[in-house]
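Number of protein chains: 2
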Amino acid sequence: MDKVNTISLFPKGEKLPNEWFTGEAFLSPLVSKDKNNEFSAGAVTFEIDARTNWHTHPKGQVLIVIEGSGFYQEKGKAARAITKGDVVNIPENVEHWHGASAKTSMTHIAITNFKEDVQVTWLKPVTNEEFNQANNQK
Amino acid sequence: MDKVNTISLFPKGEKLPNEWFTGEAFLSPLVSKDKNNEFSAGAVTFEIDARTNWHTHPKGQVLIVIEGSGFYQEKGKAARAITKGDVVNIPENVEHWHGASAKTSMTHIAITNFKEDVQVTWLKPVTNEEFNQANNQK
Chain A
1 MDKVNTISLF
11 PKGEKLPNEW
21 FTGEAFLSPL
31 VSKDKNNEFS
41 AGAVTFEIDA
51 RTNWHTHPKG
61 QVLIVIEGSG
71 FYQEKGKAAR
81 AITKGDVVNI
91 PENVEHWHGA
101 SAKTSMTHIA
111 ITNFKEDVQV
121 TWLKPVTNEE
131 FNQANNQK
Chain B
1001 MDKVNTISLF
1011 PKGEKLPNEW
1021 FTGEAFLSPL
1031 VSKDKNNEFS
1041 AGAVTFEIDA
1051 RTNWHTHPKG
1061 QVLIVIEGSG
1071 FYQEKGKAAR
1081 AITKGDVVNI
1091 PENVEHWHGA
1101 SAKTSMTHIA
1111 ITNFKEDVQV
1121 TWLKPVTNEE
1131 FNQANNQK
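Taken in sequence, the protein lines are chains A and B. Its first residue numbered 1, the first sequence is counted upward by one per residue in our numbering. Its first residue numbered 1001, the second sequence is counted upward by one per residue in our numbering.
Quick caveat, the hints were computed from the structure, so don't treat them as lab data. Glycine included, each C-beta is placed from N, C-alpha and C at the ideal position. Heads up, some of the hints might be wrong.
Okay, the calculated bits of chain B under chain A, using three or more residues with CB under 8 Å as the criterion [to be verified]:
id: 1; stretch: 1057-1064
id: 2; stretch: 1078-1091
Below, a list of computed lysine-lysine pairs in the DSBU-like style, where the Cα atoms sit at most 35 Å apart [claimed, not checked]:
id: 3; chain 1: A; residue 1: K12; chain 2: B; residue 2: K1035
id: 4; chain 1: A; residue 1: K124; chain 2: B; residue 2: K1033
id: 5; chain 1: A; residue 1: K35; chain 2: B; residue 2: K1124
id: 6; chain 1: B; residue 1: K1103; chain 2: A; residue 2: K59
id: 7; chain 1: A; residue 1: K84; chain 2: B; residue 2: K1103
id: 8; chain 1: B; residue 1: K1103; chain 2: B; residue 2: K1015
id: 9; chain 1: B; residue 1: K1035; chain 2: A; residue 2: K75
One chain only, chain A, in its complex shape (with noise of 0.2 Å):
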């Protein structure tokens, strides 16, 4: 594991709900959406093999990797490995997943836009297939 001998910047915080995330996934929460912020951020943190399901957001999302490294994939391109450093401005309503590789966990900032009352829509989970392909490509 990618983490020992490795101080966190946040809480582990609570465990996402497996209705929208395969395996392990866990948010601390950072700062809520306020008259100033159009956006809700938080650290999630994705142990080995788990990723959030394919979804969309009405107005985008920024990811900041802050540990480890991963995936992002939008549907019908190759997956991108991300790692600690890299930056991800996700675009408004492409399906896409991010999550762990299936020998590293990942933690990334998230800042989620909120378009009206809505950061995210949900669609069905990444398969083993499909997380397979992505750790399996050249």
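Fit chain B to the given chain A structure using the hints.
For chain B alone, kept in the frame of chain A given last:
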């Protein structure tokens, strides 16, 4: 110095102008304002003794401290010591400064909202007397 033996998450970036910052402060841009994001985000590193001028944000700013420690102070209030893992949700139109301490550097992510095209109004430098007072308070 507190950064020996650690690896920074982001490149240190470009030096910030001494018109608005005292000492050695650096910006590594992470994401720009666009049609979804009503903010820009960047990692700001303050070397020992470095700090912003006093300033205000018309629509607030969120700080997420990712390395080291330093201070956040609103005008007329005691300085608040902030450290790795701390989050500050800065209100709109409140005069304040942030930066390193006299003994530690600090890096924070800053998520800075726009009000129309304005993010910040810069004011006077934080004097050495003001900075020393923050460092010497109990």
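A quick look at each hint next to the structure:
1. Residues of the stretch 1057-1064 of chain B with a Cβ under 8 Å from some Cβ of chain A number 4, which satisfies the need for three, so the listed coverage holds.
2. A stretch counts as covered by a chain when three or more of its residues have a beta carbon under 8 Å from one of that chain; for the stretch 1078-1091 of chain B and chain A the count is 5, and the coverage holds.
3. For the hint pairing K12 of chain A with K1035 of chain B, the CA-to-CA distance comes to about 31 Å; that is within 35 Å, so the pair holds.
4. Restraint check for K124 of chain A and K1033 of chain B: satisfied, since their Cα atoms lie roughly 31 Å apart, inside the 35 Å limit.
5. Simply put, K35 of chain A and K1124 of chain B have alpha-carbon atoms about 27 Å apart, close enough for the 35 Å limit, and the pair holds.
6. Proposed proximity of K1103 of chain B and K59 of chain A is contradicted: the alpha carbons are some 41 Å apart, above 35 Å.
7. Among the hinted pairs, K84 of chain A with K1103 of chain B is consistent with the structure: their alpha-carbon atoms are about 27 Å apart, no more than 35 Å.
8. A threshold of 35 Å between alpha carbons decides the hint, and for K1103 of chain B with K1015 of chain B the separation of about 20 Å falls inside it, so the pair holds.
9. With a C-alpha separation of about 22 Å, the suggested pairing of K1035 of chain B with K75 of chain A holds against the 35 Å cut-off.
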